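Participant: Below are the chains, spelled out letter by letter.
There are 2 protein chains.
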Amino acid sequence: MSELYDKLIPHMEKGMALGTALGMLQWDNETLAPEESMQYMAKVLGILSGEYYKTTVNDDVKALLKELSVKEENDKLDFNQKAIVKKLKKDFDIMETIPEEEYRAYNELVANASNIWSKAKNENDFKYFAPTLEKIISYQKKFASYRQKDGKALYDILLDDYEEGFNMKLLDEFFGKIRKEIVPLLSEVVKHNDTIDKSFNSLEYDTEKQKEFGHFLAEYVGFDFKKGVLAESEHPFTMEFHNHDVRITTHYYKNNLESSIFSVIHESGHALYEMGVEDALTQTPVGGGTSMGMHESQSRFYENVLGRSKEFWMPLWDKLVNTFPEQLKGVTLERFIRCINKAEPDFIRTEADELTYSLHIMIRYEIEKLIFGSDIPIEELPALWNQKYQEYLGVTPPTDTLGILQDVHWSGGMFGYFPSYAIGSAVAAQLSHTMKEKMPVADYLKEGNLVPIREYLKDNIHKWGASKNTNELLLATTGESLNADYFIAYLKEKYK
Amino acid sequence: MSELYDKLIPHMEKGMALGTALGMLQWDNETLAPEESMQYMAKVLGILSGEYYKTTVNDDVKALLKELSVKEENDKLDFNQKAIVKKLKKDFDIMETIPEEEYRAYNELVANASNIWSKAKNENDFKYFAPTLEKIISYQKKFASYRQKDGKALYDILLDDYEEGFNMKLLDEFFGKIRKEIVPLLSEVVKHNDTIDKSFNSLEYDTEKQKEFGHFLAEYVGFDFKKGVLAESEHPFTMEFHNHDVRITTHYYKNNLESSIFSVIHESGHALYEMGVEDALTQTPVGGGTSMGMHESQSRFYENVLGRSKEFWMPLWDKLVNTFPEQLKGVTLERFIRCINKAEPDFIRTEADELTYSLHIMIRYEIEKLIFGSDIPIEELPALWNQKYQEYLGVTPPTDTLGILQDVHWSGGMFGYFPSYAIGSAVAAQLSHTMKEKMPVADYLKEGNLVPIREYLKDNIHKWGASKNTNELLLATTGESLNADYFIAYLKEKYK
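Residue numbers (my numbering), protein chains in the order written: chain A, 1 to 496; chain B, 1 to 496.
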């Protein structure tokens, strides 16, 4: 028992409560709030962010964290408490460098930015978004510069925030492999695309029926509706308040069957991670997933490794056909599987197949490197974006809506986040490799029994929350640190 | 310009932000949150309520409000600022008497109570709810006793909170008239009920179509979807965050056409009030409706005075019939109007006609009087409830679900609130009387033009927010204070 730790609890709980409120307002804005609300809610978000700041960064907390980090005091803590103190200390060290007024103004800016981006995207008007984007970038550069040490690059600082230990050196290597192996593989694969007729996917699919099937599918992979919600938003996402309240969203398109199916499986993968955290960590600073990269590994594992396999669909195929008998008339399971794995260069990241997906990420990575490593004018970004799409994917987006405006991330200030998607793919492939050595994954899928798979992930990854980091979890589960070769091998085997 | 007032602004804004967050969590719990969430969210609500308390009740605010209430300083303020200071002072004087720890514990209790009540209601298990209800009553008694002066009755203190100037003396008089005039009228009316065949109302009505019609109807009466949301919940309600974000809910029943139609019109009436508040008051302490009674007058005016009239339905009838052609085959507009105005004693308040509605309220009023005026044991309440239903309405609820467990209010600690519904009916009748002298209301309804009606209410009532109280608004608009005779006359004319 540590008296000092007990003193930390009220600060932690107040931070948790304010964080929950901020999250709820954000959730509401993305899923439900009426058009005119956000300009007023931005003020609320600004004020609450200021309070959050004051709760997290103050002399009392600073002194407590300092004392609790000293070995003698630290030894009094149990495993979870140690993890909590470590996490709080890390967050504190970041937050402390930012003046409260700037933190609050930045949060108000970002609260408004999502709607500005959304309007710009809908109206294909990059210029409308550009001044906001410029301000966000300038804040991000400033915030990173506050903790710049030993000439460390600004972008490396951001990368490390999303995934401990990651930097441009590692990612250049990673994407180097991707460029070397995947680009030629893609051009090879594309040559044989003519034989895959995917036209059924763009027939008309009743939205209500898609909703029912989406709900069924989420439940099928293990999403617990007593602990979660499936709603709709422009851009699918997962948001957790605690392990007993995890929300996912999807977007139903009338003329695209695949889109909502795979976004539901993807977001369910995220949700299973959060729902699987053990109750000892509920509503604590380590009560959520450990990193964005590990999170993406779970979503991509469910979406791609499981969800795009033939075995996964074997027990489900009849149900899907019965839900849409006219549209899927004459479509065989074999053809469906080929279609949902068809690799085809296109503009939109979220709709991309596994092979091209990493290239979409690589483009964003290279542009972010440039933004944070130079003073490239904002107005030059759309052309740069299109040029890179032409270079790596052989296509040029006809509009900015289909180009640089497609992703919500930058409007939320999430620079350095995109590489997590690539890390996620690599972690998923590595975990999958180990899991297949330990259990008959394909057989379980065929039987429609996803419990052993979910339990394995829960025991090895989910239950730990953020009490261990990505590399600790990977080492304990697979016996080695992150190794991108499993991902390259996985893609090669799949597409060759 | 007042420097003191400027110093008050940050306190006010922080209170507004925390209040908004609390409201959002409550909205989410009522409309969307998964089953297991609330027990954890209650902790968040408890902490944020504590913060709200600290923001509202502290020495700085106390000193500022005191100085700003002195004539010399008060004269420096404009009309809205004066109203804001007055409102804050009133709230402060109430809150100050409650110790923070009790305020916080009470809010946590109430946050959990809604789900406990809901479970008890679903399972017809009053005993499951009783201990919670007992705790809430005991808190309410204690809180009221903290500001008891000159032997004022506890229940009078609560009544005054919901409607300034109201007390048991006035309400005993009001309900005395109701009892004397309405009870005999009802038994007269019921004798002729056999000729009204309402069976079409309980045929099967597709929920999706009801939703579409509900959405249309809200828009028809003037609900602005750029400033609002229509969602679903167990019990219909309205919640506003500010005049650009007003939410209403309804409940769609497969075998009840009328229910959602009139709850949508009712809640839209509430929403129009909030949406009509002028922008100068947005997100200030007087940015919402002035009292529950005035609020109910607006909802009941739209639901009953307008919404149950033949003129209202003349331009809408074809659309309703076309939405449900099979179910409404052979039903004439005349019959529909007779049906939606059929007076019939039944168990459920929210489904009650205008004539019996006041009796439902009278029963709750009498029971609340007893609760706060005596030490009646909780376990005796269900029998008392049923006995009063038998006495005034001639029916005995077969279950507590249809009896004492039907209303959410007590689980939210809202004692003294129910009489607002009766005050609302009286205000609506009085306003309607004046309005009909000023403009051809029936003609506007026939033309499907609700704009002049809405504008009249906006100019005379809505735009003022809470900067004037009910009696000030009534005096300015109708030339006299609240007068229950208009309501009695309205009912007599309608049902005779």
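What the hints contain is simulated information worked out from the structure, not anything from laboratory work.
Please read all numbers here as calculations on a predicted model, not as lab measurements.
Keep in mind that a hint or two might mislead.
Remember, identical chains collapse to one label, so a pair may be satisfied in a single copy or spanning two.
[Unchecked claim] Straight-line C-alpha distance at most 20 Å; calculated SDA-like pairs for lysine to any residue:
(1) Lys-227 x Glu-36
(2) Lys-14 x Lys-54
(3) Lys-14 x Ile-488
(4) Lys-7 x Lys-388
(5) Lys-127 x Gly-330
(6) Lys-43 x Gln-283
(7) Lys-227 x Glu-35
(8) Lys-14 x Gln-26
(9) Lys-254 x His-11
(10) Lys-463 x Glu-36
(11) Lys-227 x Pro-34
(12) Lys-141 x Val-408
(13) Lys-62 x Asp-279
(14) Lys-227 x Glu-67
(15) Lys-254 x Pro-397
(16) Lys-180 x Gly-330
(17) Lys-496 x Leu-109
(18) Lys-14 x Leu-109
(19) Lys-211 x Glu-232
(20) Lys-62 x Lys-458
(21) Lys-90 x Lys-254
(22) Lys-152 x Pro-131
(23) Lys-226 x Ser-114
(24) Lys-463 x Tyr-253
(25) Lys-141 x Glu-35
(26) Lys-458 x Asn-115
(27) Lys-82 x Glu-164
(28) Lys-492 x Gly-330
Participant: Give a verdict on every hint.
Facilitator: Results of checking the hints against the structure:
no.	hint	in the structure
1	Lys-227 x Glu-36	between (31 Å within a copy, 6 Å between copies)
2	Lys-14 x Lys-54	both (10 Å within a copy, 13 Å between copies)
3	Lys-14 x Ile-488	neither (45 Å within a copy, 52 Å between copies)
4	Lys-7 x Lys-388	neither (53 Å within a copy, 54 Å between copies)
5	Lys-127 x Gly-330	neither (47 Å within a copy, 58 Å between copies)
6	Lys-43 x Gln-283	between (26 Å within a copy, 10 Å between copies)
7	Lys-227 x Glu-35	between (29 Å within a copy, 7 Å between copies)
8	Lys-14 x Gln-26	both (18 Å within a copy, 18 Å between copies)
9	Lys-254 x His-11	neither (47 Å within a copy, 48 Å between copies)
10	Lys-463 x Glu-36	between (40 Å within a copy, 18 Å between copies)
11	Lys-227 x Pro-34	between (26 Å within a copy, 5 Å between copies)
12	Lys-141 x Val-408	within (19 Å within a copy, 51 Å between copies)
13	Lys-62 x Asp-279	neither (27 Å within a copy, 42 Å between copies)
14	Lys-227 x Glu-67	neither (37 Å within a copy, 50 Å between copies)
15	Lys-254 x Pro-397	neither (23 Å within a copy, 48 Å between copies)
16	Lys-180 x Gly-330	neither (39 Å within a copy, 74 Å between copies)
17	Lys-496 x Leu-109	neither (47 Å within a copy, 61 Å between copies)
18	Lys-14 x Leu-109	between (24 Å within a copy, 18 Å between copies)
19	Lys-211 x Glu-232	both (10 Å within a copy, 17 Å between copies)
20	Lys-62 x Lys-458	neither (34 Å within a copy, 52 Å between copies)
21	Lys-90 x Lys-254	neither (45 Å within a copy, 54 Å between copies)
22	Lys-152 x Pro-131	neither (27 Å within a copy, 61 Å between copies)
23	Lys-226 x Ser-114	between (30 Å within a copy, 17 Å between copies)
24	Lys-463 x Tyr-253	neither (34 Å within a copy, 41 Å between copies)
25	Lys-141 x Glu-35	neither (31 Å within a copy, 42 Å between copies)
26	Lys-458 x Asn-115	neither (36 Å within a copy, 29 Å between copies)
27	Lys-82 x Glu-164	within (17 Å within a copy, 54 Å between copies)
28	Lys-492 x Gly-330	neither (30 Å within a copy, 68 Å between copies)
Hints 3, 4, 5, 9, 13, 14, 15, 16, 17, 20, 21, 22, 24, 25, 26 and 28, counting from the list given before, are not met by this structure.
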